[in-house]
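Chemist: Chains as they are written, first to last, in our numbering: chain G, 1 to 319; chain Z, 1001 to 1453.
Not one of these hints is a red herring.
With a straight-line cut-off of 20 Å between C-alpha atoms, the simulated EDC-like cross-links for lysine to aspartate or glutamate are:
(1) Z:Lys1203 / G:Asp169
(2) Z:Lys1451 / G:Asp81
(3) Z:Lys1204 / Z:Asp1283
(4) Z:Lys1277 / G:Asp169
(5) Z:Lys1323 / Z:Asp1237
(6) Z:Lys1451 / G:Asp60
(7) Z:Lys1063 / Z:Asp1090
(8) Z:Lys1323 / Z:Glu1251
(9) Z:Lys1261 / Z:Asp1191
(10) Z:Lys1261 / G:Asp169
(11) Z:Lys1451 / G:Asp73
(12) Z:Lys1323 / Z:Asp1147
Taking CB as the label site, the calculated pair distances span:
(13) G:Leu52 / Z:Asp1096: 19 to 25 Å
(14) G:Phe93 / Z:Thr1107: 40 to 46 Å
(15) Z:Thr1107 / G:Ile234: 43 to 49 Å
(16) G:Thr173 / Z:Gln1379: 45 to 51 Å
Think of the hints as simulated: they come from the structure by calculation, not from any bench.
Even for Gly, the Cβ is constructed at its ideal location relative to N, Cα and C.
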Amino acid sequence: MDATVPSASVAFTPPREGRLARLFDSKAFLVAACMLPTIGLLGVFLTYPLGLGVWLSFTDTTIGSPGHFIGLDNFVSLAGDSVFWMSVTNTIFYTGTATIGKFALGLWLAMLLNHHFPFKAFIRAIILLPWIVPTVLSAIAWWWIYDPQFSIVSYVLVNVLHVRSSYIDFLGTPWHARWSLVVANVWRGIPFVAITLLAGLQTISPSLYEAALLDGATPWQQFRRITVPLLMPILAVVLTLSVLFTFSDFQLVYAITRGGPFNTTHLMATLAFQRAIPGSQLGEGAAIAVAMIPFLIAATLLSFFGLGRRKWMQGEAND
Amino acid sequence: MTKLTRRDSLTLGAAVLGGTALPALGARAQQAQAPADIPIANVPPPNFQPEKGAQLHVIRPAKFIDPDQVYWDLNTKKYTEQTGVPVRVDYISWEDLRPQTAVIANTGAGADVVIGFSSDPFIYASKLVGMSDLCDYLGAKYGGWYDLALRYGQKWRTNDWISLPVGGGTGPTVYRKSWVQQAGFDKIPADLDGFLKLCQGLKKIGHPCGFSLGHALGDANGFAEWALWSHGSSVVDENGKVTLDVKPTIEALKYITELYKTMIPGTISWNDSGNNKAYAAGDIGLTFNGVSIYYVLKTSPDPKLQAIAADTFHEEVPLGVAKRAPRTATIMNAMLFKHSKYPNAAKDYLRFMMEAPQYGPWLSNCIGYWSQPLKAYGQMKFWTEDPKLKPYAAAMDTIYYDGYAGPITAASSAVTANYTIVDMFAAVATGSMSPESAARQAARQAERYYKTA
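Construct the complete structure from the given sequences, taking the supplied hints into account.
Modeler: Below, the structure is given as structure tokens:
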């Protein structure tokens, strides 16, 4: 009996691949399959509402009636609406001043917190409080602080310190009201800026400051030449986020003034809500919200490209 | 949902009041007989035979005082016991009610009966079952409907009922009698000159008046509408054409500018709780408001607040050139949607709730938070037992409504929700705009909505 096996004739042939197996071997398919859930989630929760909002802005939909496509009519009508333009300038003013305030104070606070002092961790945690408290709650607190009859600030100034004879009308005139809202927004936004910048500051090597000190650099020069450039990448990100948050702010203004006195503190977000939901003009409200998009994109691009796109960010030397 | 947040302020009083009023509720609510003080005509009820296997889902505005819900629930339970039709009632917060109604109307599913606010039935008119059979019966049996009920229940310029007005809440003058007397007046003058003099007098003695001119949906719109209507002006005419930019409006603007000088500072930024707080603190001596201020004070355990309650009186708002009270009311307006599988049961339920044995106790325990749309209920003794309630008894006895004198449409609610009239007065009162340009601008703003309506 021949013990040898005719090995050549029974060489292993792999089983024929099923279509499914081949499909799953295809890289393109796998990529698509793995991304599908994400695309689905984004589609359902992001693209659909956004798309619906954009669509609504081109219709005359009201609460209770489906509405028809009317092209750019909503935008044309808004272009002739002084309240809308007031809300645009208010939003730009509010975003601009509040962002400057938040960054000036936030950076200052971050640099203070970057030093060693007792109860450092505890105080850093406390700093976050305005950011942690739900905005609606802090808005109500500010609303009390600004109350024309029951303001704690007025009470202290008039009844305790006797430096004023009458209560301050925080929200009664357009500019008082605007600045009051900016202060409330700055108060709320500082912790976010301070804590993120603090994180950025801690990545800067102390040896740089030591070297600068040996070269006889003044504190201002250290700040200007070491802190600011090295902080720039994180500054750009924080600034972008902060501008976006401030631009689309709703709760503070809605809880404190509801856009009053006579619409002089309406932001685009609050006006969009007022027109769409209580005013039942869904199409017009959506148009105001859509009108925010170009501003938001511009602000994002500006802060990102203006501040963030340095060569050294890509690992090259700065010019 | 106009006048919404005037009611919000009522929440303050709700807990306090409910606590004291409740123990007696159970026993009294069980009475099956109609209260003896309601004149009832002998009219046979229409035959709403509930469908076989019928069950109902009802949504209505959340309570602000406990008796509102307690009696509503008791009456509903009684209905189920008598007819075997199960009824589920959901109480929806005021802010959420309107969006929910919109969803129910647009999807054609959900509650059979929606008790919404004033103008809502007009927005969904094509989706509603007519109520004429029910409302004609109720009107014949209970002494007829007040004008405001006709306006908010019937389709414009017809006698067809599209909804059933269940009750209304209003805001007449609330004042401190001793201070008004100190200012030299026995009562609140019904003429505008006298009213201005009274407010000047109140300011002189250090107890000024206060009316919101801020973005306070209920209070500020109510005040601005009073100013307009009492001068004979209105946002639109009977055909829905904007008629704001006229002489009476200019006069109203000038009048409010004078009145504003007599107010406590800061009313420009008051929301709906502004006058409630200032009145309870003794900072103001006169305002327009719902019954909430009075009841919060009256039911407070604090003797200081009780003393203010004793000195607090109510009076109809000054008429000016108007013949009828130039103020409106927030209406609880019941709609029956066509998608309901049990329209007969729904109408029978609503009929049952509006009949004297049920409606009477509910109304009298709502103590003026809600007032009757049917005149017979105006005869109930509780309205006169506490004479201070008198102006609230007449809540729906007026011809004025949001969007007077035009048809009720989405445009009228948009003008209210956007504070168009309030802002016109506020801008002039603070000297930011001349009366003429403010009137012109407000007219333009109103036209943006009336054009599309």
